[in-house]
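**Q** Chain by chain, the residues:
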Amino acid sequence: MGLRRVAVVGAGMTKFMRRALETGRELSWQAASMALESCDLTLEDVDGVVIGTAPDTFDGVHMKGEYLSDGCGAWQKPVMRGYVGGGTGVFSPIQGWYHVASGLFDVVLVVGEEKMSSCHPHPQGAFLTIFDNMLERPLEPNLIWIFALEMQRYMEAHGLSKRDIALVSVKNKRNALDHPCAQVAEDISVEDVLNSEIMVWPVSRLDVSPVSDGAAALVLAAEHVAKRMTDKPVWIDGVGWHLDSAYWTNRDLYYPKYVEYAARMAYRMAGITEPRKQINVVEPYDPFSYKELHHLEGLLLCGKGEAAKLTADGVTQRNGDLPVCPSGGLMGVGNPIAASGVMKVAEIFWQLRGEAGKRQVPGKPITGLAQAWGDLMQVGTVVVLRI
Amino acid sequence: MTTDREFPGTPLSDSDISEGKVLIVEHDPNARYAWDAGIAIGRFLAELKKGRIVGRECHRCRRIMVPPRMFCEQCFRPTDRWVVLKDSGRVNTYSISYIRWDASRVKEPTIPAVIEIDGASKGMGIMHFLGEVKPEDVQVGMRVKAVWKPPRQREGSILDIRYFRPY
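Chains as they are written, first to last, in this note's numbering: chain A, -18 to 368; chain B, 25 to 191.
So that you can see chain B by itself, here it is in the shape it has in the complex (with noise of 0.2 Å):
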C-alpha cells in the first residue's frame, strides 16, 4: 500500500514565501525570564565570583558533584558538605564550533568541550570552552586550567571563568 499511493503534504519553496504566493502571520512572544540560581547552584555561581569551583559530596555514595546539588539524586538523600575543588581538569571530549548558537557562521571556531574538574570524582565534569590552544592540538584527557575574568569583572557566572587553557 506505500508505494501506490499519492502520500499527502504540500511542499512550499523559498520562493513561495518571498513572492508573497502564501500568506503568514508572524509573531514575536518577547518572553523574559529571569531564574533564581536556587540554593546549590546559587553557591556555586557566588564561589565562582571568588574564583573557586566547589562541588557537594553525598556521603552515601561518595561522590564529589559538580555541578553541586543539595540532594543526591541516585541515593535519594541530602548532600552533606561542600567540597572545593581545583580550577583545572582534563579534557573529557570537545568539538570545534564553527556556527553560532542560531546556526550562524562564525569566522573563528570556538572549541566547546566537557572538562572532568579535579577534586571531583571521576568522570564529573562541566561544559565551558577551550582556549589558548589551536583546535588542531585539542586533544581527549589534555590536562586544562580555568582562566578567569578579573576579580571586579566577576559577576557570579559560568561566564566568570573565559575559557579553559591547556597547562
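Just chain A, with the same shape it has in the complex (with noise of 0.2 Å):
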C-alpha cells in the first residue's frame, strides 16, 4: 500500500482517579509531557497532535477537543480530534498512525482525556442523551440498562452463569494491585461479585468498571525516526475498526461482529493468520465484566462462547498461556473513557518491551493486541503491536 512503518517509541499517564484535581487540560499536560519525556523528545520535535476524548458532556465544555489543546501541545501545529465514543481511545493510535504512515509527519503526540467527574453526582444524567432521542430516551433509560440486555442475551446463547463472568472482575481487579495509576484495585472473590447489588440483572456492581478522570499519551514515529530514538521500538503493524448498525435492537447482540471485522482488518494488515497462536498478550475493552469474554471471542482468540471456559482454566491470568488484561484493565485501573483506550495501548507498549514491572507477562511476548469498543455499542477499534 506504500505506507511507512509506524512505531510507538514513547507512553505516559496520570493516575485513574474517582475525582481529580487537576482540570482535563492540566491532566493532558501530564501525561503528554511524560510520554515526551519517556523517550527524550520535546514538543519542538512533534510534527502533528491527535486528541481522543469522548462526549463533551462529560466534562461539560463544548468542543471539548479545543478545550483540551493547549494541554495536548496542539497549538501552533496540525491537529484533529476523532471521537468514536468508548472506541475513541484505540481509533486516536489508529489515527496518529495513519498520520505517520502516509508519510504526513514524522512524530506524531496522541492524547487520550476524560474527567467524568464534572457531570454530578453521577454522570448517567450524560449517558443518557446517548440514546435515540425519539424512541428510547422517553423510556428514562439508563447506560446500563443496554448492557445488562446484551450481558443477559450473551448468557442466555452459551448458557453462562454470573459465576462464570464474575472472574473476570476478580482477576483484572487483582492485576490492578500492580498498577500504580489504578483507581479500583482489590482482592476480591468471586463471592465478593455475586453479593455487590444488583444494579441492573444480571450486572452488579463489581461487574462495572467506575466513573473516572484521567489521561493516557503516546508518542508515534516513522522507521527511520524511531530507529535513531531508541533499540526498542514497538511497531504498529495493524490497525482495523469498523461499525455495525446502530439500530441495536435490530441485531443479535450476543456476537459482536464489529469487532470481528476490525480484527480481521488488522490482522490482514499484520498478516495474522492464526490469531491465538501468534498473539502472545492482549488488552480487549473491558469496561464491564462480560465484555472481556464478548472481545475476546470478536476477536478470534477463541471460539463463541467459549471465552469463559479460557478464563475459568486460568489461561487469561497474567502468567497464563494468554495473558488478557495484565494491566487490570478497566475493571481495575479505571475507566476514564479516552484515556482508558490509550492506557491499553500504552500497556501493549510496556509489556513487549519488557518494562510493565511487576505486571510484567512471562515468556517474551512479541505481539499484543489493544481493543476498544464504543459509540452506543457498536464500534470495535483494534490495533496490533509488535516489537
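Do not take every clue at face value.
[Stated by the list, open to error] Only pairs whose alpha carbons sit at most 27 Å apart, straight line, appear in this in silico BS3-like list of lysine-lysine: (1) B:K158 x B:K131; (2) B:K110 x B:K73; (3) A:K213 x A:K238; (4) A:K285 x A:K58; (5) A:K345 x A:K143; (6) A:K285 x B:K169; (7) A:K143 x B:K158; (8) B:K169 x B:K158; (9) A:K258 x A:K345; (10) A:K143 x B:K131; (11) B:K169 x A:K238.
Derived by calculation from the structure, the hints in this document are not laboratory data. As the structure is a computational prediction, the values presented were derived from the model and not from experiment.
Starting from two chains that each stand alone, build the complex the way the hints lay out.
**A** Here it is as C-alpha cells:
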C-alpha cells in the first residue's frame, strides 16, 4: 500500500481517579509531557497531534478538543480530534498511525483524556443523551440497561452464569494491584462480585468499571526516526476499525461482529492468520466484566462461547498462556473513557518492551493487541503491536 | 520505567469537596430541545396514537423494519411501503433494573427488554418495558403483547404503549 512503518516510542499517563484536582487540560499536559519525556523528545519534535476524548457532556465543555488542545501540545500544529465513543482510546492511536504511515508527519503525539466527575452527582445523566432521542429517551433508560440486555443475551446464547463472568472482575481487579495508576484495584472473590448489589440484572456493581478522571498519551514515530531514537521501537503492524448498525434492537447482541471485522482488518495488515497462536498478550476493552469475554470471542482468540472456559482454566491470567488485561483493565485501573483505551495501547507497549515491572507477563511476548469498543455499542477499534 | 516512577495526578476525596478544601465553579446549562420527529418516526408515532405498530418494507432486501425508516441503510435506496405489524412479539433479551436513568435506586424494579415485533423480519425489535410479570418469571423467547394507554391519553409517543405483558 506504500505505507511507512510506524512505531510507538513513548508513553505516559496520569493516575486514574474518581475525582481529580487537576482540570482536563492539566491532566492532558501531565500525560503528554510524561510521554515525550519517556523518549527524550520535546514538543518541538512533534509534527502533529491527535486528541481523543469522548462526549463533551462529561467535561461539560463544548468543543472539548479545542478546550484540551493546549494541554495536548496542539497549538501551532496540525491537530485533529477523532471521536467514536468508548472506542476513541484505540481509534486515536489509529489516527496517529495513518498520519505517520501516510508520510504526512514523522512524529505524532496522541493524547486521550476524560474527566467524568464534572458531571455530578453522577454522569449517568449525560449517558442518557446517547440514546435515540425519539423512541428510547422517553423510556428514561440508564446506560447500564443496554449492557444488561447484551449480557443477558450473551449468557442465554452460551448457557453462562454470572459466576462464570465474575471471574473476570476478580482477575482484573487483582492484576490492577500492581498498577501504580489504579483506581479500583482489589483482592476480591467471586462471592464478593455475586453479593455486590444488583444494578440492572444481570449486572452487579462489581461487574462495572468505575467513573474516572485521567489522561494517557503516546508518541508515534516513522521508522527512520524511531530507529534513531530507540533500540526498542514497538511497531504498529495492524490497525482495524468497524461500525455495525446503530439500530441495536435490530441485531443479535450475543456476538460483537464489529469487533471481528475490525480484528480481521488488523490481522490482514499484520499478517496474522492464527490469532490464538500468534498473539501473546491482549488488552481487550473491559468496561463490564462480560465484555472481556465477548471481545475475546470477537477478536477470534477463541470460539464463540469459549472465553469463559479460558478464564476458568486460568489461561487469561497474567502467567497463563494468553494473558488478558495484565494491566488490570478498566475493571481495575479505571475507565476515563478515551484515556483508558490509550492506557491499553500503552500497556502493550510496556509489556512488549519488558518494562511492565510487576505486571510483566512472562515469556518475552513479541505480539500484542489492544482493542476498544464504543459509540452506543457497535464500534470496534483494534491495534496489533510487535516488538 | 512504569513501576520505578511516580505517576502524576491528585485524587480528591469527598471531604475535600464537602469541607471546601478545593474551589469549584458550577453551571447548569438548562439547554432545551424540541426534535421534529421526521417522516418515518413521525408516522410511527402517529400510528401508535391509533394503537398500531407500523414498519417499512424494502423490496430489494425484503426486510420489514421496525423502527421504520424511509431509506434502507443496507441497500441505500428508498424503502417501499408501510406495513401494519402486530402489537405482539417475543422477548429477545431483558434486564431487571434497580436504578433510574440518573443511577438513583428504585424500590420496585422495572424490566427493560428488547421485543421482536410480530410481522417484522426476524430479529427486528424495539426497546420497551415488560409488565404484569414477576422479574423471576421472565424468559427469553417469551410471547408478549402491548398494553396500550386508553385512546384519549395517547399523544403519539413510544409511551402510548405502557408496557408489554405475557400472553
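**Q** Hint compliance check: list the failing hint numbers for this structure, sorted ascending.
**A** 3, 4, 5, 6 and 11
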